[in-house]
Amino acid sequence: MAKRKRGGRSTAPGRFDPEDVRNVKHTRIGVWDLYEEKHPELARIPGSSRLETVLQMSHSIPYVWQMIKDITSIPRCWIFLSFYMIAEIVAALIPAISLWYSGQLLQLVEIAVEKRDVDKQLLLHVAAGRIACTIASRLLQYARGRLALPLNMRIKQYYSTHIYHSMARLDVPTYEDPAVQRQLEAAWSTSWNSSVAWETIQMTSTVFTIALRLISQLSVLFAVLRDQRDGPLLAVLSFSQSVFQWYSMKRSVFNTSVWAATTKNTDYVRMQGLKQVINDASHRKEVVAGNMSEYMTSQFRDSTSRVGDDAGDFHEMRRLYAVRDRLTFASILKEPLRELPQIVFTLRAVQYPASIPLSLASLTLINQASSSFSSSLFQFFGESFSLAEQYSSVRKLYEIAHIPNRILDGKEPFPENSRTLDSGILIEFRNVSFKYTDAEKYALHNVSFKLNPGQLCVIVGVNGSGKSTILKLIARIYDPLEGEILLDGRDIRTLKLVDLRRAMSMLFQDYTHFPLSIKENIGLGDPTHALDDDKIREAARLGGAEEFVNRLPDGFDTYLDRPVHDYYSSLPEGTTSLFGRPVDYSHVRGAGRMQSTSSATLSGGQMQRLAVSRTFMRSLISGSEPSVGLLLFDEPSASLDPTAEHGESVCIAFVYMLFLIHIQDLFERLRALRGNKTMVFSSHRFGNLTRHADLILYMNDSVIEEEGTHDELLKKGGHYAKIWNLQAKAFL
1 MAKRKRGGRS
11 TAPGRFDPED
21 VRNVKHTRIG
31 VWDLYEEKHP
41 ELARIPGSSR
51 LETVLQMSHS
61 IPYVWQMIKD
71 ITSIPRCWIF
81 LSFYMIAEIV
91 AALIPAISLW
101 YSGQLLQLVE
111 IAVEKRDVDK
121 QLLLHVAAGR
131 IACTIASRLL
141 QYARGRLALP
151 LNMRIKQYYS
161 THIYHSMARL
171 DVPTYEDPAV
181 QRQLEAAWST
191 SWNSSVAWET
201 IQMTSTVFTI
211 ALRLISQLSV
221 LFAVLRDQRD
231 GPLLAVLSFS
241 QSVFQWYSMK
251 RSVFNTSVWA
261 ATTKNTDYVR
271 MQGLKQVIND
281 ASHRKEVVAG
291 NMSEYMTSQF
301 RDSTSRVGDD
311 AGDFHEMRRL
321 YAVRDRLTFA
331 SILKEPLREL
341 PQIVFTLRAV
351 QYPASIPLSL
361 ASLTLINQAS
371 SSFSSSLFQF
381 FGESFSLAEQ
391 YSSVRKLYEI
401 AHIPNRILDG
411 KEPFPENSRT
421 LDSGILIEFR
431 NVSFKYTDAE
441 KYALHNVSFK
451 LNPGQLCVIV
461 GVNGSGKSTI
471 LKLIARIYDP
481 LEGEILLDGR
491 DIRTLKLVDL
501 RRAMSMLFQD
511 YTHFPLSIKE
521 NIGLGDPTHA
531 LDDDKIREAA
541 RLGGAEEFVN
551 RLPDGFDTYL
561 DRPVHDYYSS
571 LPEGTTSLFG
581 RPVDYSHVRG
591 AGRMQSTSSA
601 TLSGGQMQRL
611 AVSRTFMRSL
621 ISGSEPSVGL
631 LLFDEPSASL
641 DPTAEHGESV
651 CIAFVYMLFL
661 IHIQDLFERL
671 RALRGNKTMV
681 FSSHRFGNLT
691 RHADLILYMN
701 DSVIEEEGTH
711 DELLKKGGHY
721 AKIWNLQAKA
731 FL
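In this text, residue positions in the sequence shown follow UniProt numbering: the first is 1, and each later residue adds one.
Heads up, some of the hints might be wrong.
[What the hints assert, rightly or not] Below, simulated PhoX-like cross-link-like pairs (lysine-lysine); rule was C-alpha separation at most 25 Å, straight line:
#1 LYS496 to LYS450
#2 LYS156 to LYS396
#3 LYS25 to LYS411
#4 LYS716 to LYS450
#5 LYS435 to LYS450
#6 LYS411 to LYS472
Calculated from the structure, these hints are not laboratory results.
Everything numeric in this text was worked out from a predicted model, so none of it was measured.
Could you put together the complete structure from these sequences and hints?
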């Protein structure tokens, strides 16, 4: 299942070569290729990997200490935590106490052998002690479970707020970084019902209590057996078996902190893609309507059979690889060691027949202690090796709050006088160029234009020409690579981001709706008035959404996509139960007033009106004090390319006409209500939108090819005039 790559080539001094085996070790784990960074200079230092782990843990200790202080600051949490730790410590001592009573039982056997008499009072005392240990262990287990639940919930709730704020503050380029995404995922939760902080508390407590259990058991066992014949020898032989068994275990796959894993197996990648298609509800309509189920099932079956046993998640395959048996000297030696105590017992029984009962009792006691010791030892080292990684997760949990944003905040307030927003904002691009991350081609290249306050600018062009990018740069979603952008004559990078974005309102082409109520979806257009019902209803009226929202069963409280779903038993509706009763959820659903669907079913046009209403919330009704001087609209129907619409299909042209009617209505609303605000409208519409524009920018291949008014561009007879005439013919 796992193969290691040997060999490599030399490289120049000081230059890293990923193919050099001295720098990178390649291990094949199923369909996965694991690459671990190696440090030849550290390999010569004995125990360097363990030292590195200890140093890594020491760097995380301050964060763990901060975590403990934060947890104890949560109301009533320190009380639960104190009782939980007391229960853990007492539970760790129970095995040693039980072992001590076993030693007392051994003494009873010794006295019975020598004097042929049993101390009944001591026997009752030992029996009562053993029973008390069993009951106490069960009660402590129950107490820890009861304490762990509220502790986990309080800690998880506290850190969910911490993580939520850390994520919410990130800008778009930073949030899109895959490394940041992995860091956020690691901090959010390691499992569905726990948090990094709580798991760290549990793991630390486990390591401490296991160490306490081992020390206490060994101390009691030594005290019990030191006066017994061959007791120390039997103990050493039994425990040496546990030590050899631990030593023979495969070490973890990862011995370095820098590693990466990838798979190039096309069948495995395709399997996962096919699995996501079936699991994702957004694909269900196309799968059903396209009769794709049989084909996908066949392809999934074929891919699965080709991959075979190597298919599996990387961490799953890692665990399988880590625990597989290996033939080593220690693994061979541990089996004879297991038999040595019985051999010694047999020899002593031949030499001293009278001591057989006592030796047998000693051997039984040692075997019990050895079994407990062995499992505790494995658990101790397993948890200890994971503790450094867990503490590192705590460090990441706190570091996410300090992830630097790529878009640096400015220091100057904007505008200097809020009253000037009434007359709009001046926009100027000077030789601006921009590329998206990992893109080779410029999204904008050497773009320059000037839009005076209160003017209307319409940006037109084919898909991918850079229209939307201009709007994103104005809103500082991204920063240009070259050139500068001026607002009211000031460099946009020097302005405070909060002030800048408060002074503008934007509707994205790929707008989204939040999994919140319609009221909040509209209200969040202006967070300062998000709870003002009157303003929300006015925004809905202006956006053309009020009428259909009022017709919904829950009105403005309707959830577009309910984030919490209802739960049902595993019996599929429409089938029959074991005794032939039909499975029908209508009664329980009606009693709980549950909906058969978890989201409101709205048309694309209605969804668009909600998005426009959110934009109106800020731009048109933010109060008596002007707060918005710039409106940015990236037309939602921009996916319909005007050059493709004419030649490809009458149906597409019809859809285009419907969009045109809706957008024309939207544009008339905006034009009538914007007052003197500056407006930038990215569009494919070459009708009234461009006729009313003070400035038209015709873009192609990331550059501005033509600019001017509608009449000026028609007189030039360039690309703008060509597409204008092309669209006009489509509707004659």
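Each hint tested on the structure:
1. LYS496 to LYS450: holds, 22 Å
2. LYS156 to LYS396: holds, 16 Å
3. LYS25 to LYS411: Violated, at roughly 48 Å.
4. LYS716 to LYS450: Holds: LYS716 and LYS450 sit about 20 Å apart, inside 25 Å.
5. LYS435 to LYS450: With Cα atoms ~21 Å apart, LYS435 and LYS450 stay inside 25 Å; holds.
6. LYS411 to LYS472: Satisfied, since the Cα-Cα distance of roughly 21 Å is no more than 25 Å.
When held up to the earlier numbered hints, the structure conflicts with hint 3 and nothing else.
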